[in-house]
Amino acid sequence: MTKGLVEESNLFYDEHEEWVKEGAKIQQDSQNWYPVYQDLVKLIGKKNTLLVYEEFKGIQVSFPLKLLDRHYLPTVIYSQRYQKSPKELAKEWGYSERHIKRLLKEMQEKEEKKINCN
Numbered sequence: 195m196t197k198g199l200v201e202e203s204n205l206f207y208d209e210h211e212e213w214v215k216e217g218a219k220i221q222q223d224s225q226n227w228y229p230v231y232q233d234l235v236k237l238i239g240k241k242n243t244l245l246v247y248e249e250f251k252g253i254q255v256s257f258p259l260k261l262l263d264r265h266y267l268p269t270v271i272y273s274q275r276y277q278k279s280p281k282e283l284a285k286e287w288g289y290s291e292r293h294i295k296r297l298l299k300e301m302q303e304k305e306e307k308k309i310n311c312n
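Using the numbering used here, the first residue of the sequence shown is number 195, and each one after it goes up by one.
I should point out that these hints are in silico values taken from the structure, not numbers from a laboratory. A couple of the hints might just be wrong.
As the list claims (entries may be wrong) - If you anchor each label on the Cβ, the simulated ranges turn out as follows: (1) D263 x K236: 25 to 35 Å; (2) R292 x Q254: 27 to 37 Å; (3) I238 x I309: 44 to 54 Å.
Ideal Cβ placement from N, Cα and C applies to all residues, glycine included.
Throw the hints in and build the complete structure from the sequences for me.
Right, here's the structure in full:
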């Protein structure tokens, strides 16, 4: 009787082992992943997608429309003011020309205050 239980146990173990192997195959095939992960595989590769998955799984991530932090934008824009027109800067950075002119004016005023304080 005990021998029969052991055999049944081994049978279950063998089937379970096969399920684990099959599950691993399915999991490794990126075609079975959610579309967002499939898109990441196309962009950054499977290995990097798995790193992103491990780091952010369960977290909703949204990416800002702009790459550059808004606190640094005025400095970058101001540093390029002599190389490009406000229109060119607006197009390059994805802001309106009016906004770029406003930033340039604010940075110019800050610069003048620095000079006047010294």
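Distance restraint evaluation - D263, K236, Cβ atoms, bounds 25 to 35 Å:
Cβ of D263 to Cβ of K236: about 28 Å, so the range 25 to 35 Å holds.
State, for the Cβ atoms of R292 and Q254, whether the hinted interval 27 to 37 Å holds or is violated.
Holds, at about 33 Å.
Kindly confirm whether 44 to 54 Å is satisfied by the beta carbon distance between I238 and I309.
47 Å Cβ-Cβ, so the 44 to 54 Å window holds.
Figure legend: structure checked against the earlier numbered hints; every hint is met.
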